[in-house]
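*Asks:* In case you want the letters, here they are:
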Amino acid sequence: MLDIVKLSHRYITWFLHHKKVVPLVFLAPFLIVFLVFKVYPVILAIIMSFQNFQGIKSQDWVGFTNYENVFELVRFSQALTNTTVYTIGTLLVLIPLPLVLAVLLDSGRVIASTVFRVLIFLPALTSLVVAGTVFRLILAKDGFLNLFLEGALGMDRLRWLEVSELALPSLILIATWRWTGMNILYFNSGLVNIPSELYESAAIDGASPWQMFLRITLPMLRPTTFFVVVLSIIGGYQVFVEPFILYAGGAGPGDGGLTLALLIYRTAFTSFNFGTAAAMGVILALIIFIFSLIQFRFFGVLGGED
Amino acid sequence: MSKLRLITLALVVAIVLGSFGMALAQDTTELSLWVFVDRHGLYMQNAAERWNEAHPDRPIEIVYEQIDYTQMHDNLLASLLVGMGAPDLADVEIKKFATFTKGDIQFLPLNEVIDPYREEIIESRLAPYTANGNNYGIDYHLGAFVMYYNTGILEEAGVDVDSITTWDDYIAAGQQVTRDADGDGEIDVYMASIEVTDIFSAYALMLMNGGGTYSADGEIILESEANIEALQFLQDLVHVHGIARPASGGGHHSPDHFIDLVEGRIASLWMPQWYMTRYPDNMASALADVAVVRPMPVFEEGGYTTTMGGGTGTAITNQIDPDKIALAAEFLTFAKLTYDANVLLWTDLGFDPMRLDVYDDEALLITMSDFSGEMPFIHIKAGLGNVAPEYTGPFYPEMATIFQTTGLYDLIENQMDPAEVLANAAEELRAMGAEF
Chain A
1 MLDIVKLSHR YITWFLHHKK VVPLVFLAPF LIVFLVFKVY PVILAIIMSF QNFQGIKSQD
61 WVGFTNYENV FELVRFSQAL TNTTVYTIGT LLVLIPLPLV LAVLLDSGRV IASTVFRVLI
121 FLPALTSLVV AGTVFRLILA KDGFLNLFLE GALGMDRLRW LEVSELALPS LILIATWRWT
181 GMNILYFNSG LVNIPSELYE SAAIDGASPW QMFLRITLPM LRPTTFFVVV LSIIGGYQVF
241 VEPFILYAGG AGPGDGGLTL ALLIYRTAFT SFNFGTAAAM GVILALIIFI FSLIQFRFFG
301 VLGGED
Chain B
1 MSKLRLITLA LVVAIVLGSF GMALAQDTTE LSLWVFVDRH GLYMQNAAER WNEAHPDRPI
61 EIVYEQIDYT QMHDNLLASL LVGMGAPDLA DVEIKKFATF TKGDIQFLPL NEVIDPYREE
121 IIESRLAPYT ANGNNYGIDY HLGAFVMYYN TGILEEAGVD VDSITTWDDY IAAGQQVTRD
181 ADGDGEIDVY MASIEVTDIF SAYALMLMNG GGTYSADGEI ILESEANIEA LQFLQDLVHV
241 HGIARPASGG GHHSPDHFID LVEGRIASLW MPQWYMTRYP DNMASALADV AVVRPMPVFE
301 EGGYTTTMGG GTGTAITNQI DPDKIALAAE FLTFAKLTYD ANVLLWTDLG FDPMRLDVYD
361 DEALLITMSD FSGEMPFIHI KAGLGNVAPE YTGPFYPEMA TIFQTTGLYD LIENQMDPAE
421 VLANAAEELR AMGAEF
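Going line by line, the protein sequences match chains A and B.
Residues 1 to 306 in my numbering are what the first sequence spells out, letter by letter.
Residues 1 to 436 in my numbering are what the second sequence spells out, letter by letter.
Simulated from the structure, these hints should not be mistaken for lab results.
Among these hints, one or two may not hold up.
Derived contacts from chain B toward chain A, CB cut-off under 10 Å, selection only [claimed, not checked]: (1) T70; (2) L81; (3) D198; (4) P246; (5) E428; (6) G433.
Each residue gets a CB set at the ideal place from its N, CA and C atoms; glycine is no exception.
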């Protein structure tokens with residue numbers, strides 16, 4: 001009996017001291033899930049994009065036909081434009097706004113800042129199905145947004161849900177509601193890492209808060225900003241749930257809210273053409289990859305300039 | 001002695017096996033069913049109860065799951081694609097059905113069990129669920145288009161609802177009804193709302209004018225003169241006669257549209273008969289005193305009096321246990337095609353039957369508190385003089401998507417020429433591989 005305990009003890013000690021095995025074992029749950037649910041489908045999608053995969057039957061190889069088909073679809077260029085505009089729109093809002101809010105919340109001049117932090121972060125945890133219905137009511141012609149704009153700014157009531165030009169602004173509005181809190185969290189963690197000595201010595205040298213923000217906060221937040229921008233671009237190009245929920249499975253009036261991911265979904269699940277849908281997916285992945293690369297260079301992360 | 005023993009043993013074995021077999025036969029067969037409308041699941045459960053009374057030797061239990069419309073169809077498609085996880089029976093909506101017929105069809109043909117009922121049922125109701133001559137689904141209802149009026153608004157404008165029989169009457173009445181009620185210079189009461197993010201308002205007119213998406217022999221007839229005329233008519237209702245407007249939120253199932261109806265801003269709309277269930281379900285019976293249904297107005301004397309809209313076919317998937325197939329198929333026809341089932345379809349479920357011979361049954365003459373205490377069935381029946389059939393085909397889902405997204409938006413919001421709208425749709429379908 002004692003021998004068994006001794007023996008198992010020896011194995012555990014051996015295991016715990018084995019620097020190659022231990023990390024792998026601890027990483028295994030993630031790695032397995034990652035391989036099965038991410039890598040495998042990606043490989044499968046690439047294979048599918050070269051197959052005539054329509055409906056349920058055996059597939060044959062068709063070379064680049066699916067890719068040619070994609071560029072023939074009128075909706076593809078529309079979806080690409082919409083998605084790009086949406087991504088730029090979210091970048092214009094979701095970088096400066098959370099940055100300013102994070103600095104304000106961090107400045108110690110806001111009372112009950114924890115309450116605000118929680119409130120701003122809550123949307124990220126809210127069910128989008130519920131939010132979709134609420135936003136339909138908010139964006140309705142007699143909805144809260146129109147009443148607010150009319151009351152506060154004297155604007156005419158807009159048909160947010162009914163004209164295609166307002167589809168993307170509506171979606172950006174939802175994205176702002178949903179992701180501001182998340183981005184504040186990122187910026188906040190960046191702010192915490194800025195040594196307070198910098199501000200103290202700047203204050204001694206007579207720098208104004210605005211100068212400190214420009215010369216210390218912004219440069220020191222560069223890695224965080226980079227991270228948030230990359231995430232926002234990836235998220236922007238992948239946007240699916242917001243229009244899907246807001247327009248109940250559609251893409252808004254006149255397809256004004258049609259995004260690439262929605263078009264992929266439509267091609268796969270309405271036309272049952274998985275081959276073409278997979279080709280679109282590969283194209284979308286390439287777009288995101290190229291954008292990320294450009295940013296890596298632009299921010300000098302790869303070159304190691306910092 | 002040994003012979004006797006053998007016989008005794010054989011008897012014992014026979015009795016044991018026999019009783020075992022009987023016990024097996026009386027075991028309830030469980031059939032799983034996916035629906036996206038809860039009413040459908042409840043109806044099938046009730047039908048199972050009636051089946052069990054009629055066939056105590058072959059009891060059935062329907063275990064249904066209600067899943068959201070889009071998700072249910074996606075889940076079904078995915079489970080059929082991978083070959084596991086699909087239910088025994090599944091509801092498939094008309095706009096989605098053709099998607100499931102691409103490639104090797106994963107539903108079981110129902111021709112044989114439908115055959116005994118073909119004489120009585122409206123044959124073209126089977127067309128949407130038919131591919132290569134096989135019937136793969138049985139609908140719940142006919143889904144005939146009717147006009148829904150708010151008599152409160154009409155009476156205020158001095159219009160008698162029963163005086164409207166043609167579209168010309170409808171337009172004339174509409175001009176009396178459509179007005180600026182609160183005097184702020186903006187029209188706030190319209191005769192009609194129309195859908196721009198769904199197909200019903202447009203398809204009804206196209207079909208009743210002799211057009212549609214597919215012909216009886218499966219040709220795409222999108223660019224037909226009848227369709228151009230119908231869409232022109234729809235556009236004119238909004239922009240020339242000024243009596244109709246796009247439904248708030250784009251369609252007749254939008255929450256803000258229901259608010260418009262309840263607030264009395266829309267005097268009428270045309271939708272299939274099943275839209276009646278939205279009055280209690282989505283509007284809490286708020287219009288019970290003023291809502292009525294009437295037959296559709298007609299374009300011309302002797303023309304089509306109505307058509308069919310929407311629909312859901314129940315299919316048997318190929319993942320069902322082979323031992324259950326015969327029972328499931330027989331139950332499906334029992335639940336949907338028998339005479340009694342069609343009576344109950346109206347009295348229980350509130351859907352118009354697809355068997356014409358029950359239309360004279362007095363059991364259907366029930367009053368409905370949600371519709372001004374009238375007997376709506378009289379009016380539904382009155383509209384069934386000449387039903388325009390609807391045919392579908394492989395690109396039916398894509399067509400619906402085009403109409404729902406850009407087609408009707410261009411027609412109504414951008415006031416695009418109807419011929420151009422249809423030509424654009426045709427061009428896009430050809431790019432997707434449709435040949436016509």
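*Asks:* Are there hints from earlier that the structure breaks, and if so, what are their numbers?
*Replies:* none
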